[in-house]
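For the protein sequence lines, the chains are A and B, in the order given. Residue 181 in our numbering sits at position 100 of the first sequence, and the numbers go up by one each step. Residue 1086 in our numbering sits at position 153 of the second sequence, and the numbers go up by one each step.
Keep in mind that a hint or two might mislead.
[Said to hold, decoys possible] Subject to a maximum C-alpha distance of 25 Å in a straight line, what follows is the list of computed SDA-like cross-link-like pairs (lysine to any residue): (1) K987/B / R161/A; (2) K988/B / D1000/B; (3) K291/A / G1101/B; (4) K1048/B / K291/A; (5) K1048/B / R259/A; (6) K291/A / R1053/B; (7) K1048/B / A252/A; (8) K988/B / R257/A; (9) K291/A / D1000/B; (10) K1048/B / P122/A; (11) K1048/B / L262/A; (12) K1048/B / E178/A; (13) K1048/B / E181/A; (14) K291/A / R1056/B; (15) K291/A / R1028/B; (16) K291/A / P1026/B; (17) K1048/B / D253/A; (18) K291/A / K988/B.
These aren't lab readings, by the way, just hints derived from the structure by calculation.
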Amino acid sequence: MRAPAIRAIGLLTGWGAGAAALPSDAARAAGERAVLTLERPALDAERFRRSRRECLLGVAAVGAMLEDAGAGREAVEGARTALLFVTAAAYGASNREFIEARGGSVYFPYTAPAALTAEVAIEFGLTGPYEILIGGAPETMRAVLRAAALMESGACDRALVLTVDVFEECADLFERGRGGLARPLVEAAGCLWLEPGEGTLSLSHERGRKRDAEAARERFGEMLACEPIAALAIARERGAREPVSVHGAWRGATARLAWSQSPYPGRGSAQNAERRSA
Amino acid sequence: MTERIAVAAAGVVTPIGQDLDTFWAALLTGTDGISAIERFPVGDLRVGRGGEIKKLTRPVDWRRVPDCRATRLLVSAADDLCAQAGGRPDVDPERLAVVVGTALGGVEEGERALKGGSARRLRGALYDAPAHRLARWLGARGPAITVATACASGATALGIGSEMLRRGEADAVVAGGYDVLCRFVMRGFDGLRSLTRERVRPFDRRRSGLLLGEAAGLLLLRREREAGPARLGTLLGYGSASDAAHIAAPDPHGRGIERAMLMALAEAGVAPGEIDFVSAHGTATPLNDPIEAAALRRVLGPSGGAVPVNSIKGALGHTMGAAAALEAIVCLLAGCRGQVPATHGLEERDPACDLDCVQGVARSVRPRVSLSTSLGFGGCNAALVIGSA
């Protein structure tokens, strides 16, 4: 499949904004902290009066991506932009609150994963193809593949792959149900702006957790679906001019997403550089 | 036009039938699957009725299946699918994938876990847990994917499953959708005042809301050239689009579902005038039906008023993540068996829903190409174009 280029990346994590904030050893950097949280973004209080923190983090991640691109909302608005959202458990907080009926404060539609994408779509006027995948890092990689397929088929001109995972409201449940999660738990929201690129893209799966996937978790902490975006942000920060691949594990399987050449316009092939200058 | 994907077999579990033939016969004869909910307390809710499956009757060895209703609905539908297909999919397990859609995932496990359930039950609350358990039951070792585009989830799953086959990522895909009736979702819809105390009446002048149902519907997808002669039909096209209008209500102009239909038709290489039947979302809410009807008329063009349309939600309730998969199955069976079921509950057609809704009794029609539409919370819209065998 024709690979997508990564035009911009928005990344907000419990470590801070962008790739530069990510540590080289999560456990050491976290010290005693079990969960690194992200604050509720300070967005329009009236417009988002019913909205939840995880939804606002999605909006903020797209905002950070636009800032990274030096572009405004109009650059992605409309039916030619696909929105693909991935989360392992961002819905957990609203589901728990609704089940426990704490103050009866959750407006029921916000318990759906689609509420987060709806807020993002409304805020940025995204009316193109629309998919939501549930799972960890491998599902984010699949979303990139889906984005590439949608662009290749002509269904859209660009695609946003958005991920959000939060832990704070369910930290005790993650502790109780811990099934192979790394420490610390790091809240994160990320967004990739993908456009048609050069070279090819491939996604492969293997059973079991592989060393390459573990290395990312040891470095960043447990970010679930956001982990590949952090890895891609790090690769770009390093100035990767070569093929890039990311690994991620979830539910006993490891996935590897590989670009045959650099996905970062201006950092890879001459054609990419030309396109960027054009 | 992209490569066609064959539907080699299908399986269902619904309030009106726990195998394909019973389900179809019940739709044709107008069986009502709505009843008083018995499985959990509803005494404090305005409405305590829905399409509840009273007892799972498939001869599955349930000792091998986790005590999770969502998983059990999926396994029940998969067992029917395997019976229809003459056994489990005959491909390398590494090349067998599962793609299922859901609006609620394992949320009922979350309800139970929060009352003190085990860590295992807690992990089962993640929305992707039932899909992985289905994959284990099937012996599938390829990707196990969960999509959650609310009530359009089943269609999204079929679209993604088809794409995986076209890209050569798998040789067979079990795709579809499911959802359970549980207190979580009943409380939610009851609080929104979306549930009717009357009959569910899609496209009817007196419609007053929906009722929820539980079900699972699964389809066995193969590349057409590898599917063999026995098949139910083909998935020709899939499209999706966002409303970007409201968290819970559809875009009043129906632009999202219109774009999804146009995208599906384009992928299928089918002209609007070639559509012979529409299995509509038709929730029977005051908002949905006229918006959907108007969008259908715009897409189908001048001949749109003569295309038979039905909704199955009057018979079994809105089965959320399962709905689009079941409606795709209705399109396939209509093509195979030459009949379109009537819209259960429709008696006085709403002039604001200017469609040829099949009413009263099943109509003898053998659609060659059908369209299925789905709209969900969050402005999720999806459409499928389905060809007859």
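Problem - Restraint check for K988/B with R257/A, where alpha carbons must lie at most 25 Å apart - result: Roughly 32 Å between the alpha carbons, so the hint for K988/B and R257/A is violated.
Problem - Pair hint outcome, K291/A versus R1053/B [Cα-Cα no greater than 25 Å] - result: Holds, because 24 Å separates the two Cα atoms, which is no more than 25 Å.
Exercise for the section: Would you check the hint for K1048/B and D253/A, treating anything up to 25 Å between C-alpha atoms as holding? Expected result: 14 Å, holds
Problem - Pairwise hint evaluation, P122/A against K1048/B, where the allowed Cα distance is 25 Å at most - result: Violated - the C-alpha atoms of P122/A and K1048/B are around 32 Å apart, more than 25 Å.
Handout entry: Pairwise hint evaluation, P1026/B against K291/A, where the allowed Cα distance is 25 Å at most
Key = Given that 25 Å is the threshold and the Cα spacing comes to 21 Å, the pair holds.
Handout entry: 25 Å Cα cutoff - pair K1048/B, K291/A
Key = 36 Å, violated
Practice task
Take the C-alpha atoms of K1048/B and E181/A, compute the straight-line distance between them, and say whether it is at most 25 Å.
Solution key: Holds: K1048/B and E181/A sit about 9 Å apart, inside 25 Å.
Handout entry: Pair hint K291/A and G1101/B, alpha-carbon separation not exceeding 25 Å
Key = OK: K291/A and G1101/B at ~24 Å, within 25 Å.
Exercise for the section: Decide if the proposed pair is consistent with the structure: K291/A and R1028/B, CA atoms, cutoff 25 Å inclusive. Expected result: 20 Å, holds
Practice task
Compare the distance between the alpha carbons of K291/A and K988/B with 25 Å, and conclude whether the hinted pair is satisfied.
Solution key: 42 Å, violated
Problem - K988/B paired with D1000/B [C-alpha distance capped at 25 Å] - result: Within the cut-off at roughly 14 Å; holds.
Handout entry: Pair hint outcome, K1048/B versus E178/A [Cα-Cα no greater than 25 Å]
Key = Roughly 13 Å separates the two Cα atoms, so the pair holds.
Figure legend: structure checked against the earlier numbered hints; hints not met, in rising order: 1, 4, 8, 9, 10 and 18.
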